[in-house]
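Q: Per my numbering, the very first residue in the sequence shown carries number 790; after that it's consecutive.
Where hints are given, some of them may not hold.
Straight-line distance between alpha carbons at most 25 angstroms, and here's what the computed BS3-like set of lysine-lysine pairs gives [what the hints assert, rightly or not]:
id, residue 1, residue 2
1, K971, K901
2, K985, K807
3, K971, K924
4, K838, K920
5, K1059, K1016
6, K958, K922
7, K807, K901
8, K906, K847
9, K791, K841
10, K1016, K956
11, K971, K1016
12, K889, K924
13, K901, K791
With beta-carbon atoms standing in for the labels, derived distance ranges [as the list claims (entries may be wrong)]:
id, residue 1, residue 2, range
14, E879, E1050, 34 to 44 angstroms
15, N912, G1033, 35 to 45 angstroms
16, S963, D984, 18 to 28 angstroms
17, D1065, N912, 27 to 37 angstroms
18, G904, E1053, 19 to 29 angstroms
19, G1033, D1065, 44 to 54 angstroms
Since the hints were made in silico from the structure, they are not lab data. Using N, Cα and C, we set each Cβ at its ideal position, and we do this for glycine too.
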Amino acid sequence: AKELFTTSLGFTTDIIHKEMYIFADRKGRQLALRPEGTASVVRLVCQNKLIKESYPLKLYYWANMFRYERPQQGRYREFWQLGVELINAEGIIADYQALKLTADIFRGLGIKGFGFKLNYLGNNETKERYKKKLKDFIKKTVPNLCADCQRRNETNPLRILDCSLCKNKYQYPSYKDAWSEKDNNYINELNGILDKFNLPYQYDYHLVRGLDYYTGLIFEIDLGTEKAILGGGRYDNLYQEIGGVDVPALGFAIGIERLAEYLEEKKILKTEQAVDIFFLAMTTEAYPDILF
């Protein structure tokens, strides 16, 4: 149903505002083609009561998604994602596990030179502090924002940092300046673990990802490509919003088409150039001639 995604992803996100396929069925109910996988996983877990107290739940999916975008290289209206969700797990160790699994996947594919692009959105109080800093900056500098960002400034200023037209025009406030002492302690501890196990990373203090449900750590894989191949983060409030239960969780998704194109471009993914030939036998007498 449409409400599953509008509730979880946020009414002001581009996915809801511009990209989601919405239509009515014969009874007039508003339906939507799935634009991403996490909200559907949350509903599945809640409806089937899969959460057991004090036990983490680990799920993955391989599924097609749909977004109304202008088709171009690495961007399709129907595309596939591999998603991983770590549910009922909180804290730095759980966050590290997600990052470590991501690194293992990319190293297993033979990809070298990748790094994590990180930011920390924090809880609602941290988010509100940053939104105020951003609104104060815009009010003071009166930047020439596009029409969409003028609307975003009124509804959800964080989404301005998603805009490809406006995000590089100005030096917006750093998200780091909104962190509390607790946020800084978390970051310092996480950095120590990442350094200990040699996971490459850097912080992008303007990274917010395009979905409203993110809290705490968010991340992307940096391969020098225009569009991120992988992205994810923590979403500790989403189970409460959809299922009415307090369950911490985090996850990530890999864009399969973008990943395959990168592997082919870098000649990591070897593809057969031979032509496949298909024989269609019209009579049973022809079978002996094509069985070789």
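Q: Please flag the earlier hints that this structure goes against, numbers listed from lowest up.
A: The structure breaks hints 1, 2, 4, 7, 9, 11, 12, 13, 15 and 17; every other hint is satisfied.
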